[in-house]
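Same order as they appear, the protein sequences are chains D and E. The numbering used here puts the first residue of the first sequence at 1, with every later residue one more than the last. The numbering used here puts the first residue of the second sequence at 443, with every later residue one more than the last.
For the record, the hints were derived by calculation from the structure and aren't laboratory data. Note that CB positions come from ideal geometry on N, CA and C, so glycine has one too. Don't take every hint at face value.
Unchecked claim - Examples of chain D residues toward chain E, derived with CB under 10 Å:
1. Lys83
2. Glu112
3. Gln115
4. Asn126
5. Lys130
6. Gly200
7. Gln201
8. Arg203
9. Gly258
10. Thr275
11. Val307
12. Pro409
13. Ala414
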Amino acid sequence: MKQPQTSRRSFLALAALTPFAVAATTACGTSGPGASSAGGGASMWYLSGEPNQTTMQKAVDAFNSANPDNKIEVTYFQNDAYKTKIKTAIGAGQAPTIIYGWGGGTLKTYAEANQVDDLTGWFDENKDLKEKFFPASFGAATVNGKIYALPNQYVAPIVLFYNKELFEKAGVQPPKTWDDIMSLVKTFNGMGVAPFSLGGQSRWTSMMWLEYLLDRIGGPGVFTAIFEGKPNAWLDPAVIETGTKIQELVTAEGFIKGFSSITADSNADQALLFTGKAAMMLHGSWTYGAMKKGGQNFVQDGKLGFVQFPTVAGGKGDPKNGVGNPAQYMSISSKATEEEKESAKKFFKDGILTETVIDTYINSGSVPIVNGIEDKLNTSPDKDFLNFVYDMAKNAPSFQQSWDQALSPTAAEALLNNIDQLFLKSITPQQFAENMNATLGK
Amino acid sequence: MSNAVSTAPTTAAARTESEQTGKRRAALAWLTLPALFFFLVFAVVPLAGVFILSFTSWDGIGAIGAAGLGNWFSVLADPGLYNALGLTFLIMAASWLVQTPISLLLGVFTAGSQRYRAALAVLYFLPLLLSSAAVAIAFKALLDPNFGLATGLGLPFLAQDWLGVPHLALGLAIFVIAWQFVPFHTLIYQGGVRQIPKSLYEAAEIDGAGTIKQFFHITLPQLKYTIITSSTLMVVGSLTYFDLIFVLTGGGPGNSTRILALDMYLRGFRANLMGPASVIAVILVLIGLALALFLQRLGGKDKQGSQLEGL
Numbered sequence: 001m002k003q004p005q006t007s008r009r010s011f012l013a014l015a016a017l018t019p020f021a022v023a024a025t026t027a028c029g030t031s032g033p034g035a036s037s038a039g040g041g042a043s044m045w046y047l048s049g050e051p052n053q054t055t056m057q058k059a060v061d062a063f064n065s066a067n068p069d070n071k072i073e074v075t076y077f078q079n080d081a082y083k084t085k086i087k088t089a090i091g092a093g094q095a096p097t098i099i100y101g102w103g104g105g106t107l108k109t110y111a112e113a114n115q116v117d118d119l120t121g122w123f124d125e126n127k128d129l130k131e132k133f134f135p136a137s138f139g140a141a142t143v144n145g146k147i148y149a150l151p152n153q154y155v156a157p158i159v160l161f162y163n164k165e166l167f168e169k170a171g172v173q174p175p176k177t178w179d180d181i182m183s184l185v186k187t188f189n190g191m192g193v194a195p196f197s198l199g200g201q202s203r204w205t206s207m208m209w210l211e212y213l214l215d216r217i218g219g220p221g222v223f224t225a226i227f228e229g230k231p232n233a234w235l236d237p238a239v240i241e242t243g244t245k246i247q248e249l250v251t252a253e254g255f256i257k258g259f260s261s262i263t264a265d266s267n268a269d270q271a272l273l274f275t276g277k278a279a280m281m282l283h284g285s286w287t288y289g290a291m292k293k294g295g296q297n298f299v300q301d302g303k304l305g306f307v308q309f310p311t312v313a314g315g316k317g318d319p320k321n322g323v324g325n326p327a328q329y330m331s332i333s334s335k336a337t338e339e340e341k342e343s344a345k346k347f348f349k350d351g352i353l354t355e356t357v358i359d360t361y362i363n364s365g366s367v368p369i370v371n372g373i374e375d376k377l378n379t380s381p382d383k384d385f386l387n388f389v390y391d392m393a394k395n396a397p398s399f400q401q402s403w404d405q406a407l408s409p410t411a412a413e414a415l416l417n418n419i420d421q422l423f424l425k426s427i428t429p430q431q432f433a434e435n436m437n438a439t440l441g442k
Numbered sequence: 443m444s445n446a447v448s449t450a451p452t453t454a455a456a457r458t459e460s461e462q463t464g465k466r467r468a469a470l471a472w473l474t475l476p477a478l479f480f481f482l483v484f485a486v487v488p489l490a491g492v493f494i495l496s497f498t499s500w501d502g503i504g505a506i507g508a509a510g511l512g513n514w515f516s517v518l519a520d521p522g523l524y525n526a527l528g529l530t531f532l533i534m535a536a537s538w539l540v541q542t543p544i545s546l547l548l549g550v551f552t553a554g555s556q557r558y559r560a561a562l563a564v565l566y567f568l569p570l571l572l573s574s575a576a577v578a579i580a581f582k583a584l585l586d587p588n589f590g591l592a593t594g595l596g597l598p599f600l601a602q603d604w605l606g607v608p609h610l611a612l613g614l615a616i617f618v619i620a621w622q623f624v625p626f627h628t629l630i631y632q633g634g635v636r637q638i639p640k641s642l643y644e645a646a647e648i649d650g651a652g653t654i655k656q657f658f659h660i661t662l663p664q665l666k667y668t669i670i671t672s673s674t675l676m677v678v679g680s681l682t683y684f685d686l687i688f689v690l691t692g693g694g695p696g697n698s699t700r701i702l703a704l705d706m707y708l709r710g711f712r713a714n715l716m717g718p719a720s721v722i723a724v725i726l727v728l729i730g731l732a733l734a735l736f737l738q739r740l741g742g743k744d745k746q747g748s749q750l751e752g753l
């Protein structure tokens, strides 16, 4: 009776392995809802979370009741989950008609795989639509000279926020130079207040520091060379100096203790600023609206200050340069039927960034990417901040798209991983530059 | 196949017996078909798929191109792989060392027939009902250095940079995994203990053995196969600890909790490198297979033998 035992044993062994063999291979499984829609309508995936979800739902409801034959069906996903899910769905040919994204490197991979439609011709036919948006917003929607996405929503630069109350208490002014930052770090640490809040576990939060520092030190050309994949672009001395400055700030305890345990998803980094546990925070302009909503009247009482990122002595970057998200983007899946595509285009034209939506964005503290909104901004209770953002979007000599969106997904993942290690000081600025240099062209 | 029958003298009686056995076996073989079918569809086919993908370059979106052995060379030369392998085995060993004694003792404790033990057993079982993602999010919120338990309860020693210091993050991951899986193994041990015949303990008591002696000389040896089963599940299962660590630390800080399964996911679905991710999947399968076979061997050759001889 020996043989049957042996075979059963190995079978059992295999059976024990089955679950993770399956997990290893089918993790990309389900296509989920919204992959197809009946009739002439179109499907769309969008991000959950307020106030954007309600704004979009209202816009879609209004469009659907006006266009019963071109109904848009929206499914909402949480941000990080969405980024993985949409990639998998597109790879499996199960994408929704309207593909939401941030343009840049990810859009490029879609365009090069012929997964999204070229909209250049359509924009030529609809000149007034094209002229409605900030011209700069088309940059991240363009791949090899062709437009693959409709810019929408709002411009979101990265802003240096500060707690006015704490600055008054300390009797100091907001920083204008990097040296100011280093001396403010000493002042606030002496007061027992963390100089900077940072949700370091999210990694892209730490990346915002590098984006600005590299611009201020080496000018926008350094990252342009990286983006274009020029040989040894990451080995530019400005990259090394950026890394050195970051590690100096970490060593001087510039960031709140335990910043690597804080995530941006939970908004704990914003809470540190408005509860007075941290004096400053470098973050996206969207946190203004979030702090207005959740910050216990911190914004309404005028305690939130905001300035441009400081200059670095001897640096080449214009202090007016901005970084952040020039807009959000929507593309049309090339796998959709003609009817679905028609509905999507109609929605692009009539359903998105309607007057109601524009007003909603302005009321929530964001600057929509449409021309001719100066009057609306000036009558808003948040006009100081809105005009600050608007000015940055309109007049910045260079507005660099967030690196993790601009680069290919492969390079972006390596970037975030290396930034995490740079902030932990487990790699040197030189190693950071070399590790990243190896990702050029990937 | 029974050797005794096939080498037996060819008498008529023996032949009919062997033919009958053969027929019965053929009839029984049909019964394995559904299982074989599922095994083929859900294990063999994906395994083959991953093996083939490991020789291609694919970003998950565009066309799949041949890459030869390129992925294998690049992954095997990547120090990240050995870091991930080391962490996987470290977490595996630490999880086994932490979980086995706790679940064994809890299992023995809850096997008793007293009411309060049954009530406690239900409480111990609760963490198993929660999803790993929920557990990870809850622990993350509780351990937030600024707004977590430390501030809430005024316990400053809890205000550590739990997810920001490499060894703390690793220790935390091992702790949370144990918190979630100890109930399951407790249940296995509880069942095992209840199977031990009472007469053994009665005899031991007559011979004057105390509780501790009974535990080491009766309970533990009788639980030999339960320990092997539980250890197999723990060890092979630890290869797949993914969701909890993914949500808890995301592999960070740096790469200090980036275990193999997570490394595979991040390479495949974040960095869009399906080829190298498939290489890691194949490595995972090989390690799992080797471990499972090794643990089966630990059971010894007399595995089918009874532990209850003489009773």
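Structure-based check of each hint:
At about 8 Å, the closest approach between the beta carbon of lysine 83/D and any beta carbon in chain E falls short of 10 Å, and the interface hint on this residue holds. Evaluation of the glutamate 112/D hint against chain E yields a held restraint, the C-beta minimum of about 7 Å falling below 10 Å. The beta carbon of glutamine 115/D is positioned within 10 Å of a beta carbon in chain E (closest approach about 6 Å), and the interface hint is therefore held. Taking 10 Å as the C-beta cut-off, the interface hint given for asparagine 126/D is violated, the closest approach to chain E being about 28 Å.
A hinted interface residue such as lysine 130/D counts as satisfied when its beta carbon comes closer than 10 Å to some beta carbon of chain E; here the least separation is about 27 Å, so the hint is violated. A distance limit of 10 Å between C-beta atoms decides the matter here; for glycine 200/D the minimum to chain E is near 7 Å, and the interface restraint holds. Given the 10 Å rule on beta carbons, the hint for glutamine 201/D holds: about 6 Å separates it from the nearest Cβ of chain E. Restraint check, arginine 203/D versus chain E: the minimum CB separation of about 8 Å is within 10 Å; hint holds.
Among the interface hints, the one on glycine 258/D holds; its C-beta lies about 4 Å from the nearest C-beta in chain E, closer than the 10 Å criterion. Annotation: interface hint on threonine 275/D holds; nearest CB of chain E at approximately 9 Å, less than 10 Å. Because the closest C-beta pair between valine 307/D and chain E is about 24 Å apart, greater than 10 Å, the hint is violated. A least Cβ separation of about 4 Å between proline 409/D and chain E falls short of the 10 Å threshold, and the interface hint therefore holds.
For alanine 414/D, the interface hint holds, since its Cβ comes within 10 Å of a Cβ in chain E; the closest pair sits about 7 Å apart.
Of the hints listed earlier, those the structure fails to meet are numbers 4, 5 and 11, in rising order.
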